Amino acid sequence: MDFMLTEQQKMMKKLFSEFAEKEVKPLAGEIDEEERFPRETVEKMRTCAMLGIPFPREYGGAGADYLSYILAVEEISKVCGTTGVVLSAHTSLGTTPIYMFGTDEQKKKYLPDLCSGKKLGAFGLTEPNAGTDAAGQQTTAVKDGDDYIINGSKIFITNAGEADVYVIFAMTDKTQGTRGISAFILEKGTPGFTIGKHEKKLGIRGSATSELIFNNVRLSKDQLLGQEGKGFKIAMQTLDGGRIGIAAQALGIAQGAIDEAVAYVKSRKQFGRPIAKFQNTQFQLADMQTKTDAARWMVYSAAMAKETGQPYTYLAAEAKLFAAEVAMEVTTKAIQLLGGYGYTRDYPVERMFRDAKITEIYEGTSEVQRMVISGQMLR
Amino acid sequence: MKIVVLVKQVPDSTEIRVDKETGTLIRAGVPSIINPDDLAGVEAALQLKEKNGAHITIISMGPPMAADMLKELYARGVDDCILITDRAFAGADTCATSSTLAAALNKVGYDLIIAGRQAIDGDTAQVGPQTAERLGIPQVTYVDEIIDINDTTVTVKKALEDCEQILEAKLPCVLTTLSGMNEPRYMNCNDIVDSFSKEVKIMTFNDLEIDASKVGLAGSPTKVHHTFTKEVSAETQTFTLPADETAKLIAKTLKEKQLITK
Numbered sequence: 152m153d154f155m156l157t158e159q160q161k162m163m164k165k166l167f168s169e170f171a172e173k174e175v176k177p178l179a180g181e182i183d184e185e186e187r188f189p190r191e192t193v194e195k196m197r198t199c200a201m202l203g204i205p206f207p208r209e210y211g212g213a214g215a216d217y218l219s220y221i222l223a224v225e226e227i228s229k230v231c232g233t234t235g236v237v238l239s240a241h242t243s244l245g246t247t248p249i250y251m252f253g254t255d256e257q258k259k260k261y262l263p264d265l266c267s268g269k270k271l272g273a274f275g276l277t278e279p280n281a282g283t284d285a286a287g288q289q290t291t292a293v294k295d296g297d298d299y300i301i302n303g304s305k306i307f308i309t310n311a312g313e314a315d316v317y318v319i320f321a322m323t324d325k326t327q328g329t330r331g332i333s334a335f336i337l338e339k340g341t342p343g344f345t346i347g348k349h350e351k352k353l354g355i356r357g358s359a360t361s362e363l364i365f366n367n368v369r370l371s372k373d374q375l376l377g378q379e380g381k382g383f384k385i386a387m388q389t390l391d392g393g394r395i396g397i398a399a400q401a402l403g404i405a406q407g408a409i410d411e412a413v414a415y416v417k418s419r420k421q422f423g424r425p426i427a428k429f430q431n432t433q434f435q436l437a438d439m440q441t442k443t444d445a446a447r448w449m450v451y452s453a454a455m456a457k458e459t460g461q462p463y464t465y466l467a468a469e470a471k472l473f474a475a476e477v478a479m480e481v482t483t484k485a486i487q488l489l490g491g492y493g494y495t496r497d498y499p500v501e502r503m504f505r506d507a508k509i510t511e512i513y514e515g516t517s518e519v520q521r522m523v524i525s526g527q528m529l530r
Numbered sequence: 294m295k296i297v298v299l300v301k302q303v304p305d306s307t308e309i310r311v312d313k314e315t316g317t318l319i320r321a322g323v324p325s326i327i328n329p330d331d332l333a334g335v336e337a338a339l340q341l342k343e344k345n346g347a348h349i350t351i352i353s354m355g356p357p358m359a360a361d362m363l364k365e366l367y368a369r370g371v372d373d374c375i376l377i378t379d380r381a382f383a384g385a386d387t388c389a390t391s392s393t394l395a396a397a398l399n400k401v402g403y404d405l406i407i408a409g410r411q412a413i414d415g416d417t418a419q420v421g422p423q424t425a426e427r428l429g430i431p432q433v434t435y436v437d438e439i440i441d442i443n444d445t446t447v448t449v450k451k452a453l454e455d456c457e458q459i460l461e462a463k464l465p466c467v468l469t470t471l472s473g474m475n476e477p478r479y480m481n482c483n484d485i486v487d488s489f490s491k492e493v494k495i496m497t498f499n500d501l502e503i504d505a506s507k508v509g510l511a512g513s514p515t516k517v518h519h520t521f522t523k524e525v526s527a528e529t530q531t532f533t534l535p536a537d538e539t540a541k542l543i544a545k546t547l548k549e550k551q552l553i554t555k
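Here the protein sequences come in this chain order: A and B.
Using our numbering, the letters of the first sequence correspond one by one to residues 152 to 530.
Using our numbering, the letters of the second sequence correspond one by one to residues 294 to 555.
Hints listed in this document are in silico derivations from the structure and should not be mistaken for laboratory results.
Errors might be hidden in some of the hints.
[What the hints assert, rightly or not] Calculated cross-link-like contacts (lysine to any residue; reagent style SDA-like; alpha-carbon spacing at most 20 Å):
| no. | chain 1 | residue 1 | chain 2 | residue 2 |
| --- | --- | --- | --- | --- |
| 1 | A | Lys417 | A | Thr341 |
| 2 | A | Lys428 | A | Ala445 |
| 3 | B | Lys364 | A | Gln159 |
| 4 | A | Lys176 | B | Pro477 |
| 5 | A | Lys161 | B | Phe489 |
| 6 | B | Lys344 | B | Lys364 |
| 7 | A | Lys164 | B | Gln340 |
| 8 | A | Lys325 | A | Leu353 |
| 9 | A | Lys161 | A | Gly214 |
| 10 | B | Lys494 | B | Ala383 |
| 11 | B | Lys364 | A | Thr157 |
| 12 | A | Lys195 | B | Ala383 |
| 13 | A | Lys165 | B | Thr448 |
| 14 | A | Lys372 | A | Gly331 |
| 15 | A | Lys165 | B | Glu426 |
| 16 | A | Lys384 | A | Gly282 |
| 17 | A | Lys164 | B | Ser325 |
| 18 | B | Lys364 | A | Ser168 |
| 19 | A | Lys165 | B | Asp361 |
| 20 | B | Lys494 | B | Asp379 |
| 21 | A | Lys161 | B | Val323 |
| 22 | B | Lys364 | A | Glu169 |
| 23 | B | Lys491 | A | Pro207 |
| 24 | A | Lys161 | B | Lys545 |
| 25 | A | Lys195 | B | Gln340 |
| 26 | A | Lys165 | B | Gln530 |
| 27 | A | Lys173 | B | Ser472 |
| 28 | A | Lys176 | A | Arg190 |
| 29 | A | Lys165 | B | Arg478 |
| 30 | A | Lys161 | B | Ala540 |
| 31 | A | Lys173 | B | Pro477 |
| 32 | A | Lys176 | B | Arg478 |
[Claimed, not checked] Label pairs and their in silico Cβ distance ranges:
| no. | chain 1 | residue 1 | chain 2 | residue 2 | range |
| --- | --- | --- | --- | --- | --- |
| 33 | A | Ile512 | B | Asp312 | 55 to 61 Å |
| 34 | A | Arg424 | B | Gly473 | 38 to 44 Å |
| 35 | B | Ala536 | A | Tyr492 | 25 to 31 Å |
| 36 | B | Gln340 | A | Tyr492 | 42 to 48 Å |
| 37 | A | Lys417 | B | Thr533 | 52 to 58 Å |
| 38 | B | Lys548 | A | Glu184 | 41 to 47 Å |
| 39 | A | Thr441 | B | Asp312 | 37 to 43 Å |
| 40 | A | Lys420 | B | Thr448 | 51 to 57 Å |
Everything numeric in this text was worked out from a predicted model, so none of it was measured.
In this text, a Cβ means the ideal position worked out from N, Cα and C, and glycines have one as well.
Make a model of the complete structure from these sequences and hints.
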């Protein structure tokens, strides 16, 4: 199914697919096993200009559309969920808020290096006590003349330590609740800013997930992103777009697991014939592909809505909710089709199953997506 | 320096279907790719451009749909793409193809011409050499490396089955390249976007100063009488032996089949 992709999107997809097959797939098992960040792949993505796909040329981006970026996350996630989220977190979460809410000076300062991939981006919202309840921020930003002094910490931050530019959130006025949250741009190496504990995870094990620790970090007013007190809105709008990226990651993982299962059932023989000849196998595969194609339409629809300036908050939430649950279901079934082999690390579906789970949790849990969707319905 | 690379779009399949009446390929329904030896030639040209500066023009002869392939070459960083396409050129063998390409090259101009060694659909390895002959310029085939180039000469490594030769040729000349000589680069997202604002220039019969009798079927002395798939009739024997005896058996069998001499 090509979802009426334009010729340009088809050519993009061809690039991403070739790149994934030749550069990403051979490393996928290794970076998972070693819990190693795929730095060399990031460098290769740079040479293909894949780290600034949806941003305008004037800021160093490719000047392509949002669906092209989504196709990149999908194609890469088909073979490696880790590399998919590195690209997604950099693009959707690290770079997009600066593009959407930055001043001209901030855009000129940060975007060319982020879009070219010279620098990697990340996003720090979640705290030990502020996950789904993102309004419960405890990190503070206290005004000191023209500067802000940041204290506190963030947890579960994707690309932490590997990224050079971080968009972070802190309370500038605790009395104002969500209206007291502000966004800041923070660079690696700023005095007082350190990376804390590296999380050991179930899946996406090559992706860097760590704490950000702020100990009297002094930021100038030029590093305030958007207006003071508008941070919560910036975070929520950034996550609206980010969800399409994670939905694409889930979609890619699901399709990748199906591709592995199809190849396996054609060659695995039991009772004298390939297991693909058994109706149970055929029906399982049919259900897996049908649901994955449905997810694909939802993900692409949300991306097109964003690209064309239509409301997409609920479309993004629906796409992420559905694609993540499909990824869990499809990877579970893929392991079942591969049987004992599927449960081992000799076959990639075991990794895909572990990678799928996070898509139901990060950038808003499935429960948060249901809150967003029903919130739109019951307004 | 003006580099022209000759590129062919070929079917991406080992199951190539053939029209039994004409003996020519049926292209419909078979996915197409850029011929691998030609893609190596494009990469070699791009590397020369990066090193010394150059203007790269791609010339391809084929049906109108080959324009999509040329867009992909824009997305790898070439400067110009020309598609020679006309019903008058249909059914061309290597003789008519090289006549047509030479006519186009005379129109476009060149300092260096690079062509793939051979196309995976026909495997003739004739078009590059024939084009050089028609233009009356030197040629080096089976080029595995372009070692050096200046305004007047190019130095290359030619890979033969049992040896390598380092050769210098006067420019302009034709080089035919081997697919193993380099790793062709990926397309680039920026260049993909730009490729859609670039035009694939079309050349038809009327644009080339060439006699109608030299092109298409009329200019093709090659006649394909019969095309068939060779049947494989190998017998399989199974041996269970220790490793050293297995090695001896393999060597003995290969000698018997005259596949090795020592």
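Violated constraints from the hint list, given by number and in increasing order: Numbers 1, 2, 6, 7, 8, 12, 13, 15, 24, 26, 30, 37 - these are the hints that the structure violates, sorted from lowest upward.
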